Structures are given as C-alpha cells and as structure tokens.
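**Student:** With the hints as constraints, model all of the structure from the sequences given.
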Amino acid sequence: MRRRTLLSLTAATALGGALTACGSAITGEDSSGGGANGGSASGAVRVGHLPSALFAPLYVADAMGYFEEEGITLELTPLKSGQDGVPMLSNDQLDVMVAGFSAGMFNALEQGVAFKIVGSMGISPGDPENSPTALEVRQDLLDDGTISEVADLKGRTIGVAGGPGATGGYLLAAMLEEGGLTLNDVEISNLATPDQEPALTNGSVDAATPSAPFSSSIEEAGIASPLAVPAKGTTGTGVMYSETFVGAELAQGFFIALAKGAQELSADGKQTEEVYQILADTLGQDIEVLKASPMYTYLPDLAPQPDQLEAMQSVWIDAEQITYSEPLDIAGIVDASFAEAAAG
Numbered sequence: 001m002r003r004r005t006l007l008s009l010t011a012a013t014a015l016g017g018a019l020t021a022c023g024s025a026i027t028g029e030d031s032s033g034g035g036a037n038g039g040s041a042s043g044a045v046r047v048g049h050l051p052s053a054l055f056a057p058l059y060v061a062d063a064m065g066y067f068e069e070e071g072i073t074l075e076l077t078p079l080k081s082g083q084d085g086v087p088m089l090s091n092d093q094l095d096v097m098v099a100g101f102s103a104g105m106f107n108a109l110e111q112g113v114a115f116k117i118v119g120s121m122g123i124s125p126g127d128p129e130n131s132p133t134a135l136e137v138r139q140d141l142l143d144d145g146t147i148s149e150v151a152d153l154k155g156r157t158i159g160v161a162g163g164p165g166a167t168g169g170y171l172l173a174a175m176l177e178e179g180g181l182t183l184n185d186v187e188i189s190n191l192a193t194p195d196q197e198p199a200l201t202n203g204s205v206d207a208a209t210p211s212a213p214f215s216s217s218i219e220e221a222g223i224a225s226p227l228a229v230p231a232k233g234t235t236g237t238g239v240m241y242s243e244t245f246v247g248a249e250l251a252q253g254f255f256i257a258l259a260k261g262a263q264e265l266s267a268d269g270k271q272t273e274e275v276y277q278i279l280a281d282t283l284g285q286d287i288e289v290l291k292a293s294p295m296y297t298y299l300p301d302l303a304p305q306p307d308q309l310e311a312m313q314s315v316w317i318d319a320e321q322i323t324y325s326e327p328l329d330i331a332g333i334v335d336a337s338f339a340e341a342a343a344g
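Sequential numbering of the sequence shown, starting at 1, is according to our numbering.
Calculated directly from the structure, the hints in this document are not laboratory data. None of these values were measured; they are calculated from a predicted model. Treat the hints loosely; a few may be bogus.
Below, in silico cross-link-like pairs of lysine-lysine (BS3-like), each with a Cα-Cα straight-line distance of 25 Å or less [stated by the list, open to error]:
{"id": "1", "residue 1": "Lys-260", "residue 2": "Lys-291"}
{"id": "2", "residue 1": "Lys-260", "residue 2": "Lys-232"}
{"id": "3", "residue 1": "Lys-270", "residue 2": "Lys-291"}
{"id": "4", "residue 1": "Lys-80", "residue 2": "Lys-154"}
{"id": "5", "residue 1": "Lys-260", "residue 2": "Lys-270"}
{"id": "6", "residue 1": "Lys-232", "residue 2": "Lys-270"}
Ranges of calculated distance between the beta carbons of each label pair, as one might list FRET restraints [as the list claims (entries may be wrong)]:
{"id": "7", "residue 1": "Asp-143", "residue 2": "Pro-306", "range": "38 to 46 Å"}
{"id": "8", "residue 1": "Gly-179", "residue 2": "Gln-252", "range": "40 to 48 Å"}
{"id": "9", "residue 1": "Ser-42", "residue 2": "Ser-204", "range": "31 to 39 Å"}
Each residue gets a CB set at the ideal place from its N, CA and C atoms; glycine is no exception.
**Tutor:** This is the structure in structure tokens:
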C-alpha cells in the first residue's frame, strides 16, 4: 500500500509549527463578548475551531464571502481540542464549534451539558493510496515479517494523538476492526502527531496514526508504511451549536454558508488553485505542502452522521473511555434540520 507522497520531513515539521503559531492570523475578536441570544446584533457568530485544513469548508466559505451574504461576521477562536470548546459552548462563550468528537464530549452530554451536533466535517475517502489518515507500522517490523496484517498488532503499542478517547482513537478502532481487534487489544500511547515520527524511529511505538502531511513524511523517510486506512465514510469530526444558537436567527444562514464552502471542495480531494490559496493564506501553511497532502471529502450538505456517532459511543464504552454504560439516545443530541434546509 503506497499513498501519494511528495512531502519532505522539513515540510511536515514546518507545518507543525504553523499550526501552533497561526492563532493571530485566524482569530477574530474576543469570543467572550457575544450576546446571550446566539451571535450578536451586528451579525457576529463566535466559532471555535481547530486550525486545520480538515475544516476547509469554514475557511473557504469565509474567504468566498458566503457568510457575508448571510449577514454574518465570523469571530474565530482557535482551540487545542474539541474537548476544550465543550464548556465554552455550554456557557454561551461560543455559538458554534467545528472540531473533532471525543469520549469526553459524550461524558459531558450524559452529565447534562447541552449542545447539539448539527453537521459533519471531513469524511474518510477510504482510498488506500490517498487517505489523509493511515495506520503506519514501523518499517523494520514489516520488513522482517513480524507484522504483515492488522491482526498482528495485537498487544503492540500504537501512538495516537489525544489517546484512545480522542477522535484519533476512534479512527484507530475503525482500522483495527479490519483485523478483528479493538482498542482493548493494543497499548495506546498518547502522542501528539509531530511526536509520532520520532517515536516510530526510536522504537518506542510499533505503529502510529498520523494525519497528512506527517504520514507522507514518515513514509518518504522509510520509517513506516501504511497497513490500513479508515473505511470510506468514517468520520470523527463535525459541527456543534450551542443550545442558545440552535434557536438563533443566524443559525440557518450560518449553516447554508458553511455548506456552500463544502460544495467548493472537490470530491477526489484534489482542490482548485483558489481553494489551496485560501487554505494557505488562512492557516499560514505552505501551498505546496497542502497540494501534496491527501484531504478528506465532505458531504455537500454537511449532514450529521448519526451512525458514526453511534459507533463512536459504542467503541468508547467498550474501551471504558466513557463513564456511563447505558448508551445515550443519539437522536436526542443530533439536529439535522439545518443540513436538510441547506440541501433544499
């Protein structure tokens, strides 16, 4: 299995720095100043996000003026993780969050924290040659035949950004399923994506789940090769509205604009020059790095994916990352009406 690999180690390292340092370039006004009715009288909508090309519809819609057409001004607040934004949503410090889901999010919902999942974001294309996330296995273990299939990873240590209860943990579970394994069958090391390459190099982990461009860099350096990718349709990210914003006047317009941004993105992951330039300018990333990086796909209406949420909840209950045993009713936390109206 070999995927598109045009990146150098230097490029991936530079991207890691860009993600860390890009806050000032994409941050709007202080998110604590919004109104209590969701957004503000001036049309401002406070959006928490993880600065990443994974959330391209948000940045493309903004740059192409789709939010402005709906009378909306974005106030973007970068987050370190989706879990960081959950209390901000519940306390009306944010109107919207575009981020990854986590076991902690489900725990918060079970404990009464109120918000709605209204849309999806990046969806795995399932293409072994062009997947933005892959299960990378140390090359020496592949070369000597120690590991030749996913089932051989039983008992092995795998690096995952955020650990088993993060979005990466769910994506790993989806890939382990190919070999009849679960998260309980492996040892998971919580490693930030930029730290996964050195961990593979020094042998402290046997495999890792980096996203592009880090995965491409690892492959080019001969450190590891992909053994599996998430199946087509797998997703662990989405769009969340605060309970207040769900009923706000700007809520539908925001989603319409966001869906228009998704519709500007190519289904095969290779974007137009204009889209790449928008992402480069917004995120402070090198455009050639973006062009060489596999990308997720997006539904044109960004409809939420309840089946994926059901699967996440099940995976995390089994892995004891969720503190309750009786599953939440996913229908009670999803509101698909905004996507339905955007599609209409």
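**Student:** Would you mind marking each hint as holding or not holding in the structure?
**Tutor:** Structure-based check of each hint:
Taking the CA atoms of Lys-260 and Lys-291, the gap is near 21 Å; set against the 25 Å cutoff, the hint holds. This hinted pair checks out: Lys-260 and Lys-232 have alpha carbons roughly 23 Å apart, not beyond 25 Å. Of the supplied pair hints, the one linking Lys-270 and Lys-291 holds, its CA atoms being roughly 7 Å apart against a limit of 25 Å. Simply put, Lys-80 and Lys-154 have alpha-carbon atoms about 31 Å apart, too far for the 25 Å limit, and the pair is violated.
Under the criterion of a C-alpha separation no larger than 25 Å, the hint pairing Lys-260 with Lys-270 is consistent with the structure, at around 18 Å. Between Lys-232 and Lys-270, the direct Cα distance comes to roughly 17 Å. Compliance with the 25 Å bound is thereby established for this hinted pair. At about 42 Å, the CB distance of Asp-143 to Pro-306 agrees with the hint of 38 to 46 Å. The supplied range of 40 to 48 Å is met by Gly-179 and Gln-252, whose beta-carbon atoms lie about 43 Å from each other.
The supplied range of 31 to 39 Å is broken by Ser-42 and Ser-204, whose beta-carbon atoms lie about 51 Å from each other.
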